[in-house]
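Number of protein chains: 2
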Amino acid sequence: MTIAEPLELRDVTVCAPNAPHSSISAERAAEVAATLKALADPARIRLLSIIFASEEGAVCVCDLTQPLGLGQPTVSHHLKILVAAGFLSREKRGTWAYFSPVPGALERVTSDLASVGGPANA
Amino acid sequence: MTIAEPLELRDVTVCAPNAPHSSISAERAAEVAATLKALADPARIRLLSIIFASEEGAVCVCDLTQPLGLGQPTVSHHLKILVAAGFLSREKRGTWAYFSPVPGALERVTSDLASVGGPANA
Numbered sequence: 560m561t562i563a564e565p566l567e568l569r570d571v572t573v574c575a576p577n578a579p580h581s582s583i584s585a586e587r588a589a590e591v592a593a594t595l596k597a598l599a600d601p602a603r604i605r606l607l608s609i610i611f612a613s614e615e616g617a618v619c620v621c622d623l624t625q626p627l628g629l630g631q632p633t634v635s636h637h638l639k640i641l642v643a644a645g646f647l648s649r650e651k652r653g654t655w656a657y658f659s660p661v662p663g664a665l666e667r668v669t670s671d672l673a674s675v676g677g678p679a680n681a
Numbered sequence: 560m561t562i563a564e565p566l567e568l569r570d571v572t573v574c575a576p577n578a579p580h581s582s583i584s585a586e587r588a589a590e591v592a593a594t595l596k597a598l599a600d601p602a603r604i605r606l607l608s609i610i611f612a613s614e615e616g617a618v619c620v621c622d623l624t625q626p627l628g629l630g631q632p633t634v635s636h637h638l639k640i641l642v643a644a645g646f647l648s649r650e651k652r653g654t655w656a657y658f659s660p661v662p663g664a665l666e667r668v669t670s671d672l673a674s675v676g677g678p679a680n681a
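Chains A and B supply the protein sequences, listed in that same order. For the first sequence, position 25 (counting from the first letter as 1) is numbered 584 according to this note's numbering, and the numbering increases by one without interruption. For the second sequence, position 33 (counting from the first letter as 1) is numbered 592 according to this note's numbering, and the numbering increases by one without interruption.
I should point out that these hints are in silico values taken from the structure, not numbers from a laboratory. Please read all numbers here as calculations on a predicted model, not as lab measurements. Cβ atoms here follow ideal geometry from the backbone N, Cα and C, with glycine treated the same way. A few of these clues could be false.
Unchecked claim - In silico lysine-lysine, DSS-like type, Cα no more than 25 Å apart, as pairs: (1) A:Lys651 with A:Lys639; (2) A:Lys596 with A:Lys639; (3) B:Lys639 with B:Lys651; (4) B:Lys596 with A:Lys596; (5) A:Lys596 with B:Lys639; (6) B:Lys596 with A:Lys639; (7) B:Lys596 with B:Lys639.
Claimed, not checked - Distance ranges between label pairs, derived from CB positions: (8) B:Thr633 with A:Glu614: 45 to 51 Å; (9) A:Thr654 with B:Ala589: 30 to 36 Å; (10) B:Gln631 with A:Glu615: 48 to 54 Å; (11) B:Ala617 with A:Glu590: 26 to 32 Å; (12) A:Ser670 with B:Pro662: 35 to 41 Å; (13) B:Thr624 with A:Gln631: 43 to 49 Å.
This is chain A alone, in the form it adopts within the complex:
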């Protein structure tokens, strides 16, 4: 049975003499997209910028509601996503949770983007 063959060949001939290919696998693309999705929110960007800029190295969740102008449940929701995606680590101190930057986390995203851009951007 070779009935379908000519159709496929014609498609390729029409506009893909050298069919383009992705420089990253579908699985890797899904991972990169998930990491970027964790970052792709204004409140999470601001949370990261506050925590990465902190001189103390760790910021109490109680200090994050006021600069963002958001309630604690909302802030905690965003922090949970950033911890799950590997950008922040969480430590309990008494009543409060403290959040610290994970070293190298933003650099990993930069490296992911370079791999999307291909050898010229690596």
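Go by the hints and put chain B onto chain A.
Just chain B, lined up with the frame of chain A:
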């Protein structure tokens, strides 16, 4: 009338002797988040990787459906988002639309991420 004062002062004393601050403005955070959101999809990551890796410099939309295993309306939808976010440029050649990388677009995201990370990551 100074009734509310003591409460605010107490809040600050409890856990923000030096209130943390964001290294980027709310407006800038919204812009960065929007750019990342345009990237944060597995199909769009693969489209970018194919188009950035192309030796021809421009890829026909007709060549993008097969490697992604998606229909042309879906591929066109994703391409539109990538053009709007400044990652790709679009050119009509006869029947087909061709898409090219916008030089420096991925580097701008890297630079945005560095600004989120603060001076230590800049």
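Structure-based check of all given hints:
1. A:Lys651 with A:Lys639: 13 Å, holds
2. A:Lys596 with A:Lys639: 13 Å, holds
3. B:Lys639 with B:Lys651: 13 Å, holds
4. B:Lys596 with A:Lys596: OK: Lys596 of chain B and Lys596 of chain A at ~6 Å, within 25 Å.
5. A:Lys596 with B:Lys639: Roughly 18 Å separates the two Cα atoms, so the pair holds.
6. B:Lys596 with A:Lys639: 18 Å, holds
7. B:Lys596 with B:Lys639: With Cα atoms ~13 Å apart, Lys596 of chain B and Lys639 of chain B stay inside 25 Å; holds.
8. B:Thr633 with A:Glu614: 45 to 51 Å: With Cβ atoms ~47 Å apart, the hint holds.
9. A:Thr654 with B:Ala589: 30 to 36 Å: Hint holds: Cβ distance 32 Å, inside 30 to 36 Å.
10. B:Gln631 with A:Glu615: 48 to 54 Å: This hint holds: roughly 53 Å between Cβ atoms.
11. B:Ala617 with A:Glu590: 26 to 32 Å: Roughly 28 Å apart at Cβ, these two residues keep to the hinted range, so it holds.
12. A:Ser670 with B:Pro662: 35 to 41 Å: 20 Å, violated
13. B:Thr624 with A:Gln631: 43 to 49 Å: With a Cβ separation near 46 Å, Thr624 of chain B and Gln631 of chain A satisfy 43 to 49 Å, so the hint holds.
Hint 12 from the list above is the single one not met by this structure.
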